[in-house]
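Colleague: Now for the letters of each chain:
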Amino acid sequence: MRHIISVLVENEFGVLARVAGLFSARGFNIESLCVAETMDPTLSIMTIVTTGNEFILEQILKQLNKLINVIKVVDFKNVDYVAREMILVKVAAENEKREEILRLTEIFRGNIVDVAPKTYTIMITGDEEKIKAFLNLLKPFGIKDLVRTGPIAIPRGDKIIKIKEGKGEDHG
Amino acid sequence: MHKRTGAQIFVEVLRSEGVDTMFCYPGGATLNITDCLCRCPDIKQIVVRHEQAAVHAADGYARASGRVGVCLVTSGPGATNTVTGIATAYMDSVPIVVFSCQVNTSLIGNDAFQEADIVGITRPCTKHNYLVKDVKDLPRIMKEAFHIARTGRPGPVLVDIPKDVTSALTDVKVPDKVYIRGYQPNYNPHVGQIKRAMKLLSQSKRPVLYTGGGIISSSAASELLKFAELLSIPVTNTLMGLGGFPGNHPLFLGMLGMHGTYAANMAITESDLIIAIGARFDDRATGKIDEFAPRAKIIHIDIDPTSISKNIKVDIPIVGDSKLALKRMVEIYEAEKADFADFHKSIKSWHEEIEKWKKGYPLTYNRDGSLKPQFVIEKIYELTKGEAIIATEVGQNQMWTAQFYKFIKPRTILTSGGLGTMGYGFPASIGAQVAFPEKLVIDIAGDGSIQMNIQELATAVQFNLPVKVVILNNGYLGMVRQWQELFYEKRYTWSRIYAPDFVKVAEAYGAQGMRVTSENEVEDCLKEAFNNKKPTFVDVHINPEECVYPMVPAGAALKDMLLV
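Chains as they are written, first to last, in our numbering: chain F, 1 to 172; chain Z, 1001 to 1564.
In isolation and in its complexed conformation, chain Z is listed as follows (with noise of 0.2 Å):
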């Protein structure tokens, strides 16, 4: 093998990964790679205005695409600018690698200029990271880091390599294959516990499917509509579950938890049995833990064994992928029809009871006149038909897309749902629109939210990523007004914001900017919007008082929501 430099070895392991995209911020200590790139038309390289962004364009680019994000940024800032993206990437299990360049080797330990210890200050918040000592390490680490990234329960990984590194030569082959002794993520389920977890099945008369992002990164979708449809259970999603199974069926209960449905949160209490696949028993899903389905049994299927018993009693507990757990389930259901003859006879009035909640306090808002957030978002769905891919920001408008935007597909929500990072959604819908650049990418936004990436307009204008912006403005960062309203007596503190006028700063940009100032101009504005072929901002001027409903007081049971 010819010698080549660490930067060279670099483009050659990103080749054998497949990796046609990045996300990337230079500096000094990215030079020799950076160097390296620009032979390289093959590798789309996306520079953004900064580094956080970076790292949440490469997660809603893996998270649409369910390929491996890639970002390169430089040492020091650029390094530790990354690590909200990085601790959002963790908390929803997105699969990343994030490559931080370093000081020279010789320096590392010194405080050099923009030295940081990014290994040491990202360990907790990635699945694994590394530092490259030495450039015959490089194409191993690197290997290792995109298997892991991708692999069992998914998450990001970092790798920091030096300087030196990248110039140093050597003639060490790409290995073909990963073998790492202490990490071999068990994939297949114990067929001894699904076979006790169907025969649970069997007995119950109120079974719910409550349904997580695992079955979204383990592409388990269409197995989880036809183990629900045999057995006609109900599903609940959670946040990161939503799109697993379709937002329009009528099995489909909405989401759970402090926002969820008054349908979905009564049968997840009234239930006898919960079949949580892929998910992790969050406390804004489970509300009150102790009086979470008080009456039922608990099945659980996760990849990650800590996620079992780690927040509830579990009874019957199974380590393995989504996937091929539902396949087994759906294969004993067929081979055992017999056994659940009773099962099927009972479900109906189980049934009934669901509808009897569905119909009596559906999700809903008082239409008084003035412009609502939430008829917007309806707006959206009723124009996208559920086709586009929508990323959100977090608070108040996270909560009315997850609500009121039927997610039919998986993959078609980007949402910072462990972590909570506002200013995620923009720069990960421009990811995404790297990803498939075709397809319309809708990110829904508050005033406060967008003003935390807004610089990533730049991006959005310099790279032709026609993402849609509609930023649902009420003046007020809406979620902390809304605790503020119904639990601190309407003390407004530090939640009314003054935000710029939107319209001027897309133009400002280069990019285009719309108003909405009542109901009756969103559909136009909205089809004149989503038919543009700019990026675009669409400043919607909503009912600056509108609060999320149903809500589950923080620490209160499920069953008790404030209703509209």
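The shape of chain F in the complex, shown without the other chains (with noise of 0.2 Å):
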């Protein structure tokens, strides 16, 4: 089964490390891994992408918790969300087929990012339906190269990624 799972971090050196070593260790896939800085710098939120059953999942989301640097998990299995990636696609337009590029293009409201003679580079998001549906159709034109962002994702409605407070007790 494939999860989305949102990991709020503290924005410091090692933290990835940390995160992708947790997975690596245990043998959990990581599909894709989408990492920045949030509204307050001190944080990040990283949205990866895993697969497993119910089992290894609760595994994942329990160790991620227990990280010293990690301060919210959410897994996105219950909530009501929306995911989004973006893609950037190098395919191959000759002669007429331009014309027929671009016009796929405009339908899938992407935009061409650079052209050249014999290529268009084209930018594309939405999410992972959209994207299938737009790379078959290109796939006939011969694409040249392709890049993903991997899905990024947030609830939806007043919902939101947060700390949740609490006090520091030293309990020594």
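Derived by calculation from the structure, the hints in this document are not laboratory data.
As the structure is a prediction and not an experimental result, all values here were calculated from the model.
Positions of the beta carbon are idealized from the N, C-alpha and C atoms, including for glycine.
All the given hints hold, so there is nothing to weed out.
For lysine-lysine, the following DSSO-like pairs were computed, each having C-alpha atoms within a straight-line distance of at most 30 Å: (1) Lys72/F / Lys1133/Z; (2) Lys77/F / Lys1310/Z; (3) Lys162/F / Lys1133/Z; (4) Lys1136/Z / Lys72/F.
One-sided excerpt, in silico: chain F residues whose CB lies under 10 Å from chain Z: (5) Val9; (6) Glu10; (7) Phe13; (8) Ala17; (9) Arg18; (10) Phe55; (11) Leu67.
Build the complex: two chains, separate frames, hints provided.
Modeller: Okay, structure coming up:
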């Protein structure tokens, strides 16, 4: 099963290595991982797509929570959410094909971000299905190169990914 | 606030944490701190002979005293030598803080002389670790390190301090309080879950308490005793849990697992309710996991949520501190005693059944006139009455100790349970002796294990630490040999080992050496050794082919034990 997880972490060096190490040490799979600073520059959000059964997912969530630099873990399994991905795709575009590709790009509300005599580089954002459909349509033209961000996700409605407030206590 | 160097701040934080002892080894990168420590007679500085031993000693100090163990080592090889010690402490949840010094910040990543990425290397075997890049962060990071090491599920924390940070100046204050927004361990067990657990318990007829190291680290031994006695529930311990329940108590079943007692393994197998507290269903304890407690419901209390439902599906998970959970359970029992009337009636027949197993298949060995290791350990118990601090190495010596020494009190066994580190016991016993100079500290070793950190004899002699090492010398790596005997048609590949004359070795180091070759010498020799004020090796030539029984072969169910 495929899962999207958001992880709110300290924006510090080494945190990515801790998260990646947690997955690799247990043989868990990372399908994609996207990370950048939040509105609060001391925090970053990682969006991780992983696969595994319920049992593995439970361990992943618990292990992530256990990391000292992890502040919050959101499993989107039971949350209504929006997920989007961006891709940059370089496709062969010559003669009459150029017009056809341009039209397809418009239909998918993408942008041509670079033009060369024999290729177009197209940027497109969307959910998994839309991107899959677009790539399928482009395939016959000849895809030369493809770079994708992997999805990022956010809950729908008023829900936000925020820090749980708590007090530091010294239990020594 | 006036300006101080990083090294001065280092000492300041140690004092604010009440550190009175550290285990260390110097090098180029430690020099600024080392120089500062020469003006600190209030901090005992035990210089070892190998950095691995510094960590094991800090670990032994921590296990025996309950305080955080501290070590300081230099960069590069000094730091990498600590890895086995750190991994050992990590697996057994022991609170230690390891300070490694590092090359100057400008050289980090340059393959500088004596540089190693120790933060990267120890990331998977520490609870947390830090590289201090700016002296301003040093006081906060050090305070956080101690806080993380001793709270929640305890564990090792490493702090890597570059040499230029130890000489840099700052006026930053040492913080009084620690606040880490990503780390707030949950101590209070959920009351609803505890009530559900007690309801399930009141309906059970064959309950077993299966308790581990969590009882020791949360100081819950007296609460466990009270709870078990009130409800007369039999108790089995994991290796890490030994001493958490009196080994001579009628409700005690002995250790469970691969070399557990017949009664403990049968009780688990026949139980209808397992109450696991501070134990993590390790493979050595459970045997074949699908056949572990096949008829039982499981209540699991643990401070670490990742331990729950990791190896085995749990019916009632309770995240929290063992001590608080046991207190709540006693309160609920006392408030709702009436609900337990049937429970008390039916538990009698459970005890009768257990008694049959205990009487039918007690821990035993063949007294054939040869010198048996079990006999030696029984004698050590007799002479110390369970009052000594016992360290073990790993292998047969460890299992015989777990079986035949009755641990009465918590914090009296120091053993590498999770990682199974040979060479742990001797330095750990040195650490415990530093914590308790007046107590009798004994390392029960094998001739293989003792050779893994034998250089620490020099440390014991230099610092007048009169630890006793009883070497169960069989000329083999005994546990390997046992597996080869049982499962590899006695092909003793690599397990027959040469050992030096341990008496002469001890004497060469300035310690005392003694040798025992027959049963009738054992008692007198041990008495003499235990009264001796010097570090002492007792080289006991045991029957070389003695095996540890009972034994559950790897991958078999607990009930399928090989017996004597």
